[in-house]
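Chemist: Single-letter residue listing:
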Amino acid sequence: MNLTLKIWRQKDANSEGKMVDYPISGIEGDMSFLEMLDVLNEQLINKGEEPVVFDHDCREGICGSCSLQINGEPHGPDRLVTTCQLHMRMFNDGDTIFIEPFRAKAFPVIKDLMVDRSAFDRIQQAGGYVSVNTSGNTIDANAIPIEKENADDAFAAATCIGCGACVAACKNASAMLFTSAKVSQYALLPQGQVEATDRVLAMVKQMDDEGFGNCTNTGACEIECPKGISLENIARMNREYLSASLKG
Amino acid sequence: MSGLIKSSIARKVAMALSGLFLVFFLLQHFSINFTSIFSPETFNELSHFMGTNPLVQFVLQPILIFGVVFHFVMGFVLEIRNRNARAVKYAKYNGGSNSSWMSRNMIFSGLVILAFLGLHFYDFWIPEMVHKYVEFAPEDATRYYPELVEKFVSPVRVGLYVVSFVFLALHLWHGFASSFQSVGFNNKYSVAATKFAKAFAVVIPLGFIIIALVLHFNHNH
Numbered sequence: 003m004n005l006t007l008k009i010w011r012q013k014d015a016n017s018e019g020k021m022v023d024y025p026i027s028g029i030e031g032d033m034s035f036l037e038m039l040d041v042l043n044e045q046l047i048n049k050g051e052e053p054v055v056f057d058h059d060c061r062e063g064i065c066g067s068c069s070l071q072i073n074g075e076p077h078g079p080d081r082l083v084t085t086c087q088l089h090m091r092m093f094n095d096g097d098t099i100f101i102e103p104f105r106a107k108a109f110p111v112i113k114d115l116m117v118d119r120s121a122f123d124r125i126q127q128a129g130g131y132v133s134v135n136t137s138g139n140t141i142d143a144n145a146i147p148i149e150k151e152n153a154d155d156a157f158a159a160a161t162c163i164g165c166g167a168c169v170a171a172c173k174n175a176s177a178m179l180f181t182s183a184k185v186s187q188y189a190l191l192p193q194g195q196v197e198a199t200d201r202v203l204a205m206v207k208q209m210d211d212e213g214f215g216n217c218t219n220t221g222a223c224e225i226e227c228p229k230g231i232s233l234e235n236i237a238r239m240n241r242e243y244l245s246a247s248l249k250g
Numbered sequence: 006m007s008g009l010i011k012s013s014i015a016r017k018v019a020m021a022l023s024g025l026f027l028v029f030f031l032l033q034h035f036s037i038n039f040t041s042i043f044s045p046e047t048f049n050e051l052s053h054f055m056g057t058n059p060l061v062q063f064v065l066q067p068i069l070i071f072g073v074v075f076h077f078v079m080g081f082v083l084e085i086r087n088r089n090a091r092a093v094k095y096a097k098y099n100g101g102s103n104s105s106w107m108s109r110n111m112i113f114s115g116l117v118i119l120a121f122l123g124l125h126f127y128d129f130w131i132p133e134m135v136h137k138y139v140e141f142a143p144e145d146a147t148r149y150y151p152e153l154v155e156k157f158v159s160p161v162r163v164g165l166y167v168v169s170f171v172f173l174a175l176h177l178w179h180g181f182a183s184s185f186q187s188v189g190f191n192n193k194y195s196v197a198a199t200k201f202a203k204a205f206a207v208v209i210p211l212g213f214i215i216i217a218l219v220l221h222f223n224h225n226h
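Order-wise, the sequence lines are chains H and D. Count the first sequence with our numbering and you get residues 3 to 250, in order. Count the second sequence with our numbering and you get residues 6 to 226, in order.
What the hints contain is simulated information worked out from the structure, not anything from laboratory work. Glycine is no exception: its CB is placed at the ideal position from the N, C-alpha and C atoms. Any given hint might turn out to be false.
Straight-line alpha carbon distances no greater than 27 Å define the calculated DSSO-like cross-link-like pairs of lysine-lysine that follow [claimed, not checked]:
id : chain 1 : residue 1 : chain 2 : residue 2
1  : H       : K13       : H       : K113
2  : H       : K8        : D       : K97
3  : H       : K173      : D       : K200
4  : H       : K107      : H       : K229
5  : H       : K207      : D       : K11
Some chain H residues flagged as far from chain D (calculated, every beta-carbon gap over 12 Å) [what the hints assert, rightly or not]:
id : residue
6  : D14
7  : C65
8  : S67
9  : G96
10 : D123
Pulled out of the complex, with its shape left as it was, chain H reads as follows (with noise of 0.2 Å):
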């Protein structure tokens, strides 16, 4: 199929960017979406042009790494991927992509469409762990009778892979969904408890300053998520802190 593509190309943080328009052929609809980039950066690359920086590790869409907001989505049109298992199939000859990065002022672009993710990084480092003992008498997690239907729950929240596609597809680019699953993946445990008040309150802290914004229900997130974590999440977590001020 024949396509063109609207990319954002900034040379590195501190310059201007603008939108480039790149016209591409010869793309089969089982080629991945970094795939096809691939083919146009070997092209540029033939052409002598700087090839399009862009995210990506496992392409196995477990790793979190890729990202792209694709003719205005996050990871593209197709639901729980990520853009890495994004076919081309989604797309139709003729027709104009656009590509761009997540935008969120908490997530500066570092050059073309990489981006800076590390504020979820510190947003995990204020609180997102359990203080284990490895001294030796550590306690088989499997000897902790834990109810199904909150092991499950933590298990589905602990499936977030961190990418931002959350803060990318809000309209405010809040980052309650992500925080909310590393909040709640420990407060559905009992190995979570003991850190608990402190766990919540320091990771909205953080999460605050670095300068996402407020969440407002859209849903958004959820919908673009592409491990499908649940706004029942950020409910739990907004409980979770509301009861930690009280306490704290």
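Since the structure of chain H is already known, use the hints to place chain D on it.
Modeler: Only chain D this time, still in chain H's reference frame:
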């Protein structure tokens, strides 16, 4: 506690609670207005009570005004903060693929409601305050219904009221249901609660529209 005041979650909860408070007020306002289309006497009695009861006038009314002002000031604050959270806009943003128009345009439906409140205060609240607390005019318990009917003679005003109620419905469609999520209520009862909130968002504004139209057309006949 100090962190609570500044946090995004606290702002979200405050927005939801003030919105829920205004939903209750709306229901009360609608209930009284609704009596006007079948019993002017009842409407006069209720209006006289609301207009002269010291608890309503000097406790509930200031709380209501605070609630309204808080809700729209906080709405503006959130809108500005949220716009700043994405400094560079997308060249193409397909919001319709993942969220409702109502949820993405609360600031616009809210601004229409705010403009309507200006008209509504000019029509009813300011004359009422002047009547009672500036001119200290003698109370006539039967004045309320004729005053109401007089306001709905003009088809332009009726039209403005109808359009405003449509935007109120759009605002409530997202706002009421989403307030449950904001206060942390998301469980097996959420589907039923959301259905109730969406029904409320349609029925109450539609009821206000019917009242305005009935008053207008009854007067013309």
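Chemist: Each hint should be assessed against the structure and marked as holding or not.
Modeler: The hints, checked one at a time:
Between H/K13 and H/K113 the alpha-carbon distance is near 6 Å, which keeps this suggested pair within the 27 Å criterion. Between H/K8 and D/K97, the direct Cα distance comes to roughly 10 Å. Compliance with the 27 Å bound is thereby established for this hinted pair. In summary, the hint linking H/K173 to D/K200 is supported, as the alpha carbons are separated by about 25 Å, within the 27 Å threshold. Under the criterion of a C-alpha separation no larger than 27 Å, the hint pairing H/K107 with H/K229 is consistent with the structure, at around 24 Å.
Simply put, H/K207 and D/K11 have alpha-carbon atoms about 9 Å apart, close enough for the 27 Å limit, and the pair holds. With a least beta-carbon separation of about 15 Å from chain D, H/D14 lies farther than 12 Å from that chain, consistent with its non-interface assignment. Remark: the non-interface label on H/C65 is consistent with the geometry, its nearest Cβ contact in chain D lying 23 Å away (cut-off 12 Å). Distance check for H/S67 against chain D: the nearest CB is about 21 Å away, which clears 12 Å, and the non-interface claim stands.
With a least beta-carbon separation of about 17 Å from chain D, H/G96 lies farther than 12 Å from that chain, consistent with its non-interface assignment. At roughly 19 Å from the closest C-beta of chain D, the C-beta of H/D123 stays outside 12 Å, upholding its exclusion from the interface.
Violation of the numbered hints given earlier is absent; every hint is satisfied by the structure.
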